[in-house]
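J.: Assemble the whole structure, with the sequences as input and the hints as a guide.
Here the protein sequences come in this chain order: U and E.
Going from the first sequence to the working numbering is simple: count from 1 and add 20.
Going from the second sequence to the working numbering is simple: count from 1 and add 78.
Among the hints, erroneous ones may be present.
Restraint-style ranges between C-beta atoms, simulated for each label pair [to be verified]:
1) E:Arg208 / U:Ala37: 36 to 42 Å
2) U:Trp156 / E:Ala257: 32 to 38 Å
3) U:Gln135 / E:Glu339: 54 to 60 Å
4) U:Tyr82 / E:Arg208: 38 to 44 Å
5) E:Ala310 / U:Trp156: 42 to 48 Å
6) U:Ile229 / E:His142: 51 to 57 Å
7) E:Ala325 / U:Arg58: 48 to 54 Å
8) E:Ala242 / U:Ala37: 42 to 48 Å
Think of the hints as simulated: they come from the structure by calculation, not from any bench.
Cβ coordinates follow ideal geometry from the N, Cα and C atoms, glycine included.
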Amino acid sequence: MPPDYWQTLRLTLALAASTTAILLVLSLPLAYALAYGRWRGRPLLEALVSLPLVLPPTVIGYYLLLAFSDSTVLGRFLINDLGLELNFSFTGILVGSLLYSLPFMVQPLQAGFQQLPRSLHEAAYTLGKSRLTTLWRVLLPNMRPALLNGVVLTFAHTLGEFGVVLLIGGNLPGRTRVASIAIYDEVQSLRYAEANAYALTLLALAFTILVALFWVVRKDAARLSA
Amino acid sequence: MIDFHLRKALHTTAGPAHLDVALTLAPGELLALTGPSGAGKTTLLRLLAGLARPDGGYLTAEGHDWYRDQPARWLPPQRRPLGLVFQDYALFPNMTVRENIAFAAAEQADKSQVVSELLAMLELPELADRRPAQLSGGQQQRVALARALARRPRLLLLDEPLSALDLPTRLRLQDALAAVHQRFELTTILISHDPAEIARLATRVVELELGQVRRIGPPTTPRAGLRGQVLAILPNGLARVQLPGGAVVEVPIGRPVQVGEEVEFEVRQGV
Numbered sequence: 021m022p023p024d025y026w027q028t029l030r031l032t033l034a035l036a037a038s039t040t041a042i043l044l045v046l047s048l049p050l051a052y053a054l055a056y057g058r059w060r061g062r063p064l065l066e067a068l069v070s071l072p073l074v075l076p077p078t079v080i081g082y083y084l085l086l087a088f089s090d091s092t093v094l095g096r097f098l099i100n101d102l103g104l105e106l107n108f109s110f111t112g113i114l115v116g117s118l119l120y121s122l123p124f125m126v127q128p129l130q131a132g133f134q135q136l137p138r139s140l141h142e143a144a145y146t147l148g149k150s151r152l153t154t155l156w157r158v159l160l161p162n163m164r165p166a167l168l169n170g171v172v173l174t175f176a177h178t179l180g181e182f183g184v185v186l187l188i189g190g191n192l193p194g195r196t197r198v199a200s201i202a203i204y205d206e207v208q209s210l211r212y213a214e215a216n217a218y219a220l221t222l223l224a225l226a227f228t229i230l231v232a233l234f235w236v237v238r239k240d241a242a243r244l245s246a
Numbered sequence: 079m080i081d082f083h084l085r086k087a088l089h090t091t092a093g094p095a096h097l098d099v100a101l102t103l104a105p106g107e108l109l110a111l112t113g114p115s116g117a118g119k120t121t122l123l124r125l126l127a128g129l130a131r132p133d134g135g136y137l138t139a140e141g142h143d144w145y146r147d148q149p150a151r152w153l154p155p156q157r158r159p160l161g162l163v164f165q166d167y168a169l170f171p172n173m174t175v176r177e178n179i180a181f182a183a184a185e186q187a188d189k190s191q192v193v194s195e196l197l198a199m200l201e202l203p204e205l206a207d208r209r210p211a212q213l214s215g216g217q218q219q220r221v222a223l224a225r226a227l228a229r230r231p232r233l234l235l236l237d238e239p240l241s242a243l244d245l246p247t248r249l250r251l252q253d254a255l256a257a258v259h260q261r262f263e264l265t266t267i268l269i270s271h272d273p274a275e276i277a278r279l280a281t282r283v284v285e286l287e288l289g290q291v292r293r294i295g296p297p298t299t300p301r302a303g304l305r306g307q308v309l310a311i312l313p314n315g316l317a318r319v320q321l322p323g324g325a326v327v328e329v330p331i332g333r334p335v336q337v338g339e340e341v342e343f344e345v346r347q348g349v
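T.: Take a look at the structure:
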C-alpha cells in the first residue's frame, strides 16, 4: 500500500462527492430551462454546457489556471478582494471539476425532462399545482433513472479526472493529489506496485458504481411499469 | 356561464389556418365539440384551460376574466377552476390511484372524504392502491375523470376521453360521465367523433372545420336503419362500420358479415 493511499483516496472521493452534490443542485434549473425554454440564446447555452465534452481537459485547466492567477482581472479580484487563492487548492480543483463534469449532469437531466410527456406537467398545472410543486412531486419522481444516471456518471467521471486537476492543483498530497494524479506520479518514479494499487482501486470503484447504477435503474423501471 | 371569443393561428397538416371561435355556454350545459382532425378542437380546449395563449379575443367564466387581449388579462392554468381529462389520461405514474386523486384534492378542506367519494363513485375502491401502469385503458380513464373532479371544478373539459376504448367500456363510461356531469352541476365540453356518444350525452353540438364553426345546434339523433361498409369484424358481435359521411362507428351486427360488405344496422339508444 502506498504511504498516503488512504489520504489520497479520501481526497478523491471528497472531490467526486462534492462535485456531484453541487452539480445536482446547479444542473436542475439549468436542465429545466434547456428542456422547456424557448428563448433565443438556448443553442449558445447548450453549446457552452457541452464544451467540456469535446475540449481536452488540459485546455480547461490551462484557462482556469490563468483565470485564477494574479495576472488576470478575475484572478486579482478573487485573490485581493475575496481572498480566494484557487490555484493549488482543493476549492480550485473543485471549481475545475464542476466545469469539467457539468455536461455529465446536465445532459441526462435535460433528456429526462424531455422524455416526460408534456401532458404530465400540464395535468399538474390544471390541478392547480405550481411549477415547483409539479417539479418536485410529478416530474422528478418520474425521471429517477435520469437523476441516477446524472449522479452516477458525474461521480464516476470526476473520479477519473486528470488533466484539469493536474494543471490547477498540481500534486500536493492531502490538498490536490487525487488518485489519478497519484498513478501518474508513481509511474514517473517507477513505483509500479503503488501505481497499481491506485489503478486497481479506481477500476473496481468505477465498475461497482456502474453495476449498481444499471441494477437500480432496472429495478426502478420495473416498479413504475408493473 | 362561460363566454368567449378566441383567436389563434393553427398549424395543421393541411397548412396554416386560423382558429376563430365565439361561444356562450349556459351553466349545466354539456357541449360536444366535433369535426375532422386539425379542426382546432384540442387547441380550443387548451386555450380554455390556459395551456396555450390565444392570439386575441377574450374569455370570461362566471363573471371573471380568464383572458382578455385589451386590456391585457391572463389567468394562469393553476388558477382556473376547471378539470381537464387528457386524451392520453396523463396520470402520474409514480402515484397510486388514490395518490393521484389525493394529490389533486390536496387543497380541499375535506380531502379524504372527497377522495373516498370519488373512488366509490367511479367504481375504483379495489384499484385504489394500484399504479396507473397496472390499469386497463377504461380504468385509467375513470381515474383521470376522478382526478379532474377532485378540485371541485365548475368547468370540465374532456379531450376525446373515450375514443381509445372498446364499445362496452365506452358505454359504461358514458353513463359515468352523464352521472358526474349532473351530480357536480358541471358545465362540460366534450370532444368526440362518435355521433351516438354525442347524441347520448350532449345538449348541443359545435362542429369545427379549419378553426371555424361550421355547424352549431342540437345533436342529430342517429337514425335507426343506417347503412355503411364493414371495415372490420370485432369480438362480441360487433363490427366497425364506415358511414357514407366517412365517420367510423362500432355497432352490434345481428348476423354474420364480411369485411367490405354493405350492411344496414340499427342504432339503439341507451344501450
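J.: Okay, which hints does this one fail, numbers in order?
T.: Failing hints, ascending: 3, 4, 7.
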